[in-house]
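Participant: Work the whole structure out from these sequences, hints included.
2 protein chains.
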Amino acid sequence: MEIELAFFIRMAFLASCIAFAYAIYLCAWVKKIKVENQKIISVGKLIKAGADTFMRKEYRVLAVFTLVAAFIIFLLLPAPLNRSDIWSNLTMALSYVAGTVFSAIAGKIGIYISTIANTRTAQAAQKSMGSAFTVGFRGGSVMGLSVVGASLLGVASILALTGSTTALLGFSFGASSLALFAKAGGGIFTKTADISADLVGKVELGIPEDDPRNPAVIADNVGDNVGDVAGMGADLFDSNVAAMAAALVMASNLDGGNGINIATVFCYVTLGLISSIIGIMTAGLGKKGTPTGALNRSTYITTGVFILLTAAVTAIVEDFRWEIWGASATGLFVGVIIGMATDYFTNDAHSIVRKVAKSSTSGPAFTILNGVSYGFVSSLPAMIGIAVSALAAYKLCDGLGDGYAMFGISMAAVGMLSIVGMIVSNDAYGPIVDNARGLAEMGNLGEAALKNADELDSAGNTVKAITKGFAISAAGLTVISLLGAYMSELNVKAEELGFDRIEIFSLTDPTVFFGMLIGAAVPAVFSAMLMLGVVKNAGRMVAEIHRQFREIVGLKEGRSGVLPDYASCINIAAGGALGELVSAGLFAIAITLGVGFVGGVYAIAGFLVGNIVSGLLLALFMSNSGGLWDNAKKYIESGAEGGKGSDAHKAAVIGDTVGDPFKDTAGPSINTQITVVSLISSLFSGLFLTFSIF
Amino acid sequence: MEIELAFFIRMAFLASCIAFAYAIYLCAWVKKIKVENQKIISVGKLIKAGADTFMRKEYRVLAVFTLVAAFIIFLLLPAPLNRSDIWSNLTMALSYVAGTVFSAIAGKIGIYISTIANTRTAQAAQKSMGSAFTVGFRGGSVMGLSVVGASLLGVASILALTGSTTALLGFSFGASSLALFAKAGGGIFTKTADISADLVGKVELGIPEDDPRNPAVIADNVGDNVGDVAGMGADLFDSNVAAMAAALVMASNLDGGNGINIATVFCYVTLGLISSIIGIMTAGLGKKGTPTGALNRSTYITTGVFILLTAAVTAIVEDFRWEIWGASATGLFVGVIIGMATDYFTNDAHSIVRKVAKSSTSGPAFTILNGVSYGFVSSLPAMIGIAVSALAAYKLCDGLGDGYAMFGISMAAVGMLSIVGMIVSNDAYGPIVDNARGLAEMGNLGEAALKNADELDSAGNTVKAITKGFAISAAGLTVISLLGAYMSELNVKAEELGFDRIEIFSLTDPTVFFGMLIGAAVPAVFSAMLMLGVVKNAGRMVAEIHRQFREIVGLKEGRSGVLPDYASCINIAAGGALGELVSAGLFAIAITLGVGFVGGVYAIAGFLVGNIVSGLLLALFMSNSGGLWDNAKKYIESGAEGGKGSDAHKAAVIGDTVGDPFKDTAGPSINTQITVVSLISSLFSGLFLTFSIF
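Chains as they are written, first to last, in the numbering used here: chain A, 2 to 695; chain B, 2 to 695.
I should point out that these hints are in silico values taken from the structure, not numbers from a laboratory.
Please note that the accuracy of each hint is not assured.
Note: identical chains are not told apart, hence a pair may lie in one copy or across any two.
To be verified - Derived pair list, reagent style DSBU-like, types lysine-lysine, alpha-carbon separation capped at 35 Å:
{"no.": "1", "residue 1": "Lys452", "residue 2": "Lys203"}
{"no.": "2", "residue 1": "Lys452", "residue 2": "Lys557"}
{"no.": "3", "residue 1": "Lys645", "residue 2": "Lys203"}
{"no.": "4", "residue 1": "Lys651", "residue 2": "Lys203"}
{"no.": "5", "residue 1": "Lys32", "residue 2": "Lys537"}
{"no.": "6", "residue 1": "Lys49", "residue 2": "Lys651"}
Facilitator: Written out as structure tokens, the structure reads:
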């Protein structure tokens, strides 16, 4: 059967409409549930107000940044205005703005639903775990569907309107720069609040988690939403868009740009969206199921459906190639394997977490040393997995023609990200049930509700570790294909500007090596800046909590009617986060431009590779160590190695505090940092060619 | 003036004889000092006996390994025996054995002198700080002179006897594989003992450091010798030999192998040795000097003398090029800058250490988070420094002809390592005065001696952090030039075997990328294995210390005449260290061979680059974080932030315990791991070409 490109683009539009429609249905379903408990309603309102405050402040900062960046883009890209026509620069600037707006909207939707679903889930937890799971998961799915719907809609619209893949890079850059700030800002916010609340509450005063007397408790719950829902959503929106953009840039240069490869990309992404919808529909706890089992089952169903659907389409459509299908299936398969490896290192059902818990009986230094060491070791399977899938995809597609090999890698990334709707749903489920647990505690919903919420929360943590490994690996493949996009773009620019075609970046070229060494250090410095931001910010917040306990009479004793000043904690977390994220983000952007204008396009190629390699390593290490420490603490809290309050528990709490910014601030932000740097390099390649010193 | 190669080789032999003669003189000078205090004599004997026990055990394991490896080399290298003549394989195997033997001898000399100088330094500390400094430093210098003397003698002999630069790579591989095990084994031993002694002594029982009741105290002092003297010496012997070997391999292929470039290498190394001797001669405390100042002054004098002497020779000898001088001066200059940057991050005279100390008042999690973050940041200046010096050296020499650019980088490494005699002297000074401090405590030499020894020890720590940064950077440049050597060797092999010449490794070649991702994970896994070794081993040792305090009546109370069983702690540390080091070393070797035989020479090129880039990053991070935590703890112990016993101090002790294996086991071992992997790749390049799967 022969089918035209226009058909697939129409299908893409249709699929994203279906995704939005289903999201609206789920949202209405969740919203319809009536919350009865007044206490929950009022706390829920506080969380919602806090999240809105932060998002408003954040978006205000980002709006300024976006406008400045858009203006610079208008002046410089795709070429300086004096050497380019005004319309292509305007298109570029507007595509950039569109990227930020689409990402912001997806984030906004996520916050909207998660602050509605949290109270409903808490209430449902009083009834049964099964119904609470359904509410929590459907809430998360709204976010998942919005992210894939928005990314597919955005990419398809930009391509349909401008017909330019360079504009697509601009759109992707918009999504990335928003994600950089949303992930970093949200990450700093959430860990500032989490660490401060734990430090004063659990460690100093010995009051339970989510105790309403704790002035940081609302900020902590707000943090779950702005960090894990909005931040993580922006991150995966960004990866998804970048993977599509990279694949489309390369597809448009294959075989003189005939539409079949572009059609393939759209078709695969569309089928991924449909698979995710089917996966979401099948999610449910059943009679004897566990939440972790239910989440994993849906993920596997999505994976299987995607593989089958794409195989069917490849069999039907004449020009679709099995090699491409193979590349994308390899990507997805390796993604699942990496998820399992991550699970092995971070789930307390396996030996590693238990070993770390056991070593905590000898003191916190051993908790840290073991966690760092196993975190290092855990990077190996994922690195091998990414390496093997990239190599396999390349080799599979190499025979199809010039440029197909690199396109194969981008299709592996698209394959890995095909289930992104499911992944985001799982991810957003986490903070919703985490919030529900807090609401159950603060609203005195009783032991059963607390127990149900606890189990749902723990499943959220386990799944989060896996999806994080998945997200990092997907980003790895994406940025490898962005490297291909960089080469592609660079040579287009070189031709336009009358430079020689650049065929190869040699490993032993010292300019390349120069870039590589500096590029490798960037993720380390970037993540350090974020962690220092958390530490600095937490210091301020702890001081504020101390002040409140000192000055507000009756607060510590829990006298009825005495409430802490939640808003001041939220303001501290928000103000600090926005301050710190800007410097970290600007550092990453500035050093890329610096290396580019000093060392030129060769140095930048090395810079990208160094950045990717060390960035993946550090991201995997930090995410996995953090997850490991978190679960070691939970494992001890479940009664092992002396249980709560034992020396081992104290040591594990220290490990968890170190791990918090590792896994929720620094580690996953590195993804976005890599993507931003890759896109800047592609977009500025013409300027680097023309104006660099060396 | 025209001078022949033979002249420079004769000069090199002469210079190494001078180094040995001066070392013998200094050794005799130290030995002549008569130790009077019986207690010190007996403790000194215990330390010596313990060190000898470990070295004997270690060398026995290494002898077996060396023989097996030599046999494999005989069968396979430079080409499998059936396709090669027996003499070249025998030459290779014997060169390998010679490399291990020379390294072992240097290590043995170091242990010999350090276990003599420690008692003499302790005794001198009773008299004055100045005389104690002289004894300690002269002791250290014996090791420094032996290391450079042995490396120069070994390289010159191999070249004079075999005339083959490939044999030189075999010699270098021998030195590296010994260093890998000596550094890793010594590093595990020393930190096992250190952590266990501190954990039970300082933390649990509250008895002072080096208290003779502590069963681990002798093992701790033995550890300083086997880890910092023998291990660090083997490490720098290895780097020095590798830098020379890389430079000579490339020099022999330049301009059809005319001798002038080989002469340049020998001349520069010889002048470096002479500069180090001059630097050592000028060392002294003077009337108002501080130990740190004295050590740094000697280092700067050595640097200055080297730059002047090499400039003079370049001016005199007709065929010597100023560009080469520039490359080597750049290397040395950047080395000094990197040392200063390291000092900024790890010396309590600057703000970073103080910040970490201050953050410790909020608890150990903050100590760790800040230390990790600043450790990450501290990698940036060094990475930029290495990048800039490699690029500058390349650009300087690029105009001299084909292949000169890469030779320039190797000369930058030679330049950076020119002062290695001084560096090793400073490094070996550290454990000698550290031991002296222990002896002063155990021998009751009084407050003044203890205070003097304390200050000398603290200078040793500061200088150690700087030299470590220096050593890692030098190794960085060395391995970049080994990459050049790999290319050189590979093409020699390709020609011999009838393969096409390989001109370029492309960054975007997926086989290269495949190797790169795996190579990047190796240093992380390798260092994790070492750290886990320390943790596991320390667990055993702590149990043994507990047993002794429980079972030996009167030990805890310090009843006169009751002594702990020091030997059993030494045996635990030694046995565990040897067990763990073998698995970590074999992992590094096996994965290199695995990637090579699977992915071939392209994958190996990527593997090397990934390994270098992530290895440098992690080595710098771990060494600097460790140094930072160590000095933050010392800063608090000097009275800041509440002083000894405060909560901040407890947090800082936890940081220091984490930092110990970071900085003394894992971080500096990564150097050696990279060198070994680089040399294996060069040596096996022919086999990878012939037998790889892809």
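Participant: Against each hint, give a clear statement of whether it holds in the structure.
Facilitator: How the hints compare with the structure:
no.: 1; hint: Lys452 <-> Lys203; result: within (19 Å within a copy, 42 Å between copies)
no.: 2; hint: Lys452 <-> Lys557; result: within (26 Å within a copy, 48 Å between copies)
no.: 3; hint: Lys645 <-> Lys203; result: both (11 Å within a copy, 26 Å between copies)
no.: 4; hint: Lys651 <-> Lys203; result: both (10 Å within a copy, 20 Å between copies)
no.: 5; hint: Lys32 <-> Lys537; result: neither (38 Å within a copy, 53 Å between copies)
no.: 6; hint: Lys49 <-> Lys651; result: within (32 Å within a copy, 40 Å between copies)
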